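Novice: Heads up: the protein sequence lines correspond to chains G and F, in order.
The opening position of the first sequence corresponds to residue -8 in my numbering, with each subsequent residue numbered one higher.
The opening position of the second sequence corresponds to residue -8 in my numbering, with each subsequent residue numbered one higher.
Don't take every hint at face value.
Just so you know, same-sequence chains aren't split out, so a pair can sit in one copy or run between any two.
Unchecked claim - With a cut-off of at most 25 Å between alpha-carbon atoms, the simulated SDA-like pairs for lysine to any residue come out as follows:
(1) Lys127 - Glu79
(2) Lys347 - Asp116
(3) Lys347 - Gly202
(4) Lys331 - Gly103
(5) Lys347 - Gln209
(6) Lys331 - Ala114
(7) Lys280 - Asp308
(8) Lys347 - Gly92
(9) Lys280 - Phe339
(10) Lys280 - Asp204
(11) Lys127 - Glu137
(12) Lys127 - Gly198
(13) Lys280 - Ile125
(14) Lys331 - Gly92
(15) Lys331 - His101
(16) Lys331 - Asp56
(17) Lys331 - Leu11
(18) Lys331 - Asp122
(19) Lys347 - His130
(20) Lys347 - Pro77
Hints are computed from structural coordinates only; laboratory data are not their basis.
On a predicted model such as this, the values are computed, not experimentally measured, just so you know.
Take a look at the letters that make up each chain.
Number of protein chains: 2
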Amino acid sequence: MNPATDQTLITATLQTIRPLDEVAMQAARDRQNRLTKPAGSLGRLEDLSIQLAGIYADPLPVIRDKVIITMAGDHGVVASGVSAFPQEVTPQMVLNFLHGGAAINVLARHIGARITVIDMGVAADLDPHPDLVIAKIAHGTANLTEGPAMTPDQARAAIATGIRIVNQQIELGLDIVGTGEMGIGNTTPSAAIAAVFTGVEPGNIVGRGTGVDDAGYQRKINAVRTALTVNRPDRQHGLDVLAKVGGFEIGGLAGVILGAAARRKPVMVDGFISTAAAMVAAAIEPGVKPYLIAAHKSQEYGHALMLDWLGLHPLIDLDMRLGEGTGAAIGISLAEAACKVLAEMATFDEAGVSDKGAE
Amino acid sequence: MNPATDQTLITATLQTIRPLDEVAMQAARDRQNRLTKPAGSLGRLEDLSIQLAGIYADPLPVIRDKVIITMAGDHGVVASGVSAFPQEVTPQMVLNFLHGGAAINVLARHIGARITVIDMGVAADLDPHPDLVIAKIAHGTANLTEGPAMTPDQARAAIATGIRIVNQQIELGLDIVGTGEMGIGNTTPSAAIAAVFTGVEPGNIVGRGTGVDDAGYQRKINAVRTALTVNRPDRQHGLDVLAKVGGFEIGGLAGVILGAAARRKPVMVDGFISTAAAMVAAAIEPGVKPYLIAAHKSQEYGHALMLDWLGLHPLIDLDMRLGEGTGAAIGISLAEAACKVLAEMATFDEAGVSDKGAE
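Taking the hints into account, I'd like the entire structure generated from these sequences.
Specialist: So this is what it looks like as structure tokens:
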């Protein structure tokens, strides 16, 4: 960890983020209206193609290399009994990702995406594997009910690591990134982050995560309330919120988001935890918001409030609540479809089809 | 047209339709609960995999050959000024399908599906093309505001043709069929069908189709009201409703649905017009309903009422209203993903991941 280097990278990244390209968006909009279909009849696929044109600054964007970045981390707050699953499941699921047996593996294969798995702070030591990047900030966060989850330097390191990871993937060809995560207990810091930014009382934003029972659910709400009281995170400062009530994989994903936006790549935001990371990123630099696409509305209670805060309207709602990037995978397939519609459909002129005016 | 042969085929098809296979569904449900994810966390993808297991009578179904059947027909009611586009667009769009330039071509390619285009009753004579099946019942329907859209024999012929078409596709390997259609004016008969079966007043079910203006919209509502008054279709008899206020491509799709269900193949129902066809099929034989999957909620006003009548809950809502099978294509990709999740994910035992009980 080198705090000065990390801060320099973060600052340079933030300074690079620009608004969407209006010229490319207008060209895409004009073309959508000349394609052989009633104007607007492809609904959100049309809107998505226009947003993507603006992100890439390209009136006819093409999505080839699709990457899911799935970041793993552990959470000291599991000691407070907030999760239905034991902490050992985090490294076990990382191995499952590496062996191709998890839901995200199946869905990534289905849409033709690559997955890269990052150990941002798993409490166990993982064996090296060609598909695993070990970028551990620490062996899990501290328990946020007793003090900050991490130090400010660790928060900076998590974000800088995310930026470096996405930059490496962009060098490898990444056209669109889906955010994914794994970390037993990580809906608790995510709910805390959501409560801080939205100002909503924890009881109205905490959900059951992987399926905690009634007593555990009450402990989880209490843990978030205690975390806010003990740490008093400053909602004006994204890094402070991340350090006090966040997680290493959440910080890493915030870095991925900032880094992708700086390089004009769209981010398909997965569910509850990924959206908490997006809130941290947007608090640090609101200019990332136009680069975000909300893949789906998670079944996890409170997710809709978080999307509203970000001004995002999810593409789908399939009652999913798994994380890992599973919702993002489906969203990426829709983004690819949107670009193909824009690029590959014939115009009225090309196809010799009479437009509405011909009536 | 051979009415006796058509009726024999229809009767034999209806007699073949069976309930879903409960044993396969239970096996799929049990397996979903052993896969490495919190139970139920993949939401509707899990439900879909279980339904598909029941349809195929296979606890681990595999979807390989995906087919969109797009049926085209014209409608005498266009003379009443109900559409924003001129009737010549129907054959022009058929050519666009054959040349690969329409939205359904792009989306079918995206999901790896084949398209077959059927002329069920286009008012123009189409040139032969290797990818076009000419199965014309007539050169467009009669104007349903002045009398029946077609004769009972034509209605039977349309349904029997749909059964034959889907049977041919099943012989070629079809694992799942998406319904698609093209026909200037065809939201008007579809709204009439919906009004008959739901009993909803036409003003509450007619939409703007491809984008008719206010005066045209009023003409369209009046056309549906007049059609019901003039023809008095009997909602207890699907064939009577189809003949009096339907269309040839709608009857063809009803046949596709009945034929697919009889051969235990799932039907991904597209939007407004396809759902009207599904209502006709379900009125003829309610046993088809478990074989139906509603791909999406169309933006076309009234579609939600039709889905409710069928007891279907759409997978997605992307504000689409194009038809052609475009929504079905996206839905088919989700169905394929659902099967892959069920078949390809590791179980807790296989992956060495601790289940919830291990806490």
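Novice: Now, for every hint given, state plainly whether the structure supports it.
Specialist: Hints versus structure:
1. Lys127 - Glu79: within (16 Å within a copy, 64 Å between copies)
2. Lys347 - Asp116: This pair counts as between: shortest inter-copy Cα distance 22 Å, intra-copy 64 Å.
3. Lys347 - Gly202: between (52 Å within a copy, 9 Å between copies)
4. Lys331 - Gly103: Result: close both inside a copy and across copies, 15 Å intra and 13 Å inter.
5. Lys347 - Gln209: Between copies, since 18 Å is at most 25 Å while 59 Å is not.
6. Lys331 - Ala114: neither (42 Å within a copy, 31 Å between copies)
7. Lys280 - Asp308: both (21 Å within a copy, 23 Å between copies)
8. Lys347 - Gly92: Intra 50 Å, inter 18 Å, cutoff 25 Å: inter-copy only.
9. Lys280 - Phe339: neither (34 Å within a copy, 38 Å between copies)
10. Lys280 - Asp204: neither (35 Å within a copy, 36 Å between copies)
11. Lys127 - Glu137: within (22 Å within a copy, 75 Å between copies)
12. Lys127 - Gly198: neither (27 Å within a copy, 56 Å between copies)
13. Lys280 - Ile125: Neither, since 29 Å and 50 Å both go past 25 Å.
14. Lys331 - Gly92: Cα proximity of Lys331 and Gly92: across copies only (11 Å, versus 30 Å in one copy).
15. Lys331 - His101: both (17 Å within a copy, 8 Å between copies)
16. Lys331 - Asp56: Classified as both; 14 Å inside a copy, 22 Å across copies.
17. Lys331 - Leu11: within (20 Å within a copy, 36 Å between copies)
18. Lys331 - Asp122: between (30 Å within a copy, 22 Å between copies)
19. Lys347 - His130: between (63 Å within a copy, 23 Å between copies)
20. Lys347 - Pro77: Cα proximity of Lys347 and Pro77: across copies only (7 Å, versus 61 Å in one copy).
In this structure, the hints that do not hold are numbers 6, 9, 10, 12 and 13, in rising order.
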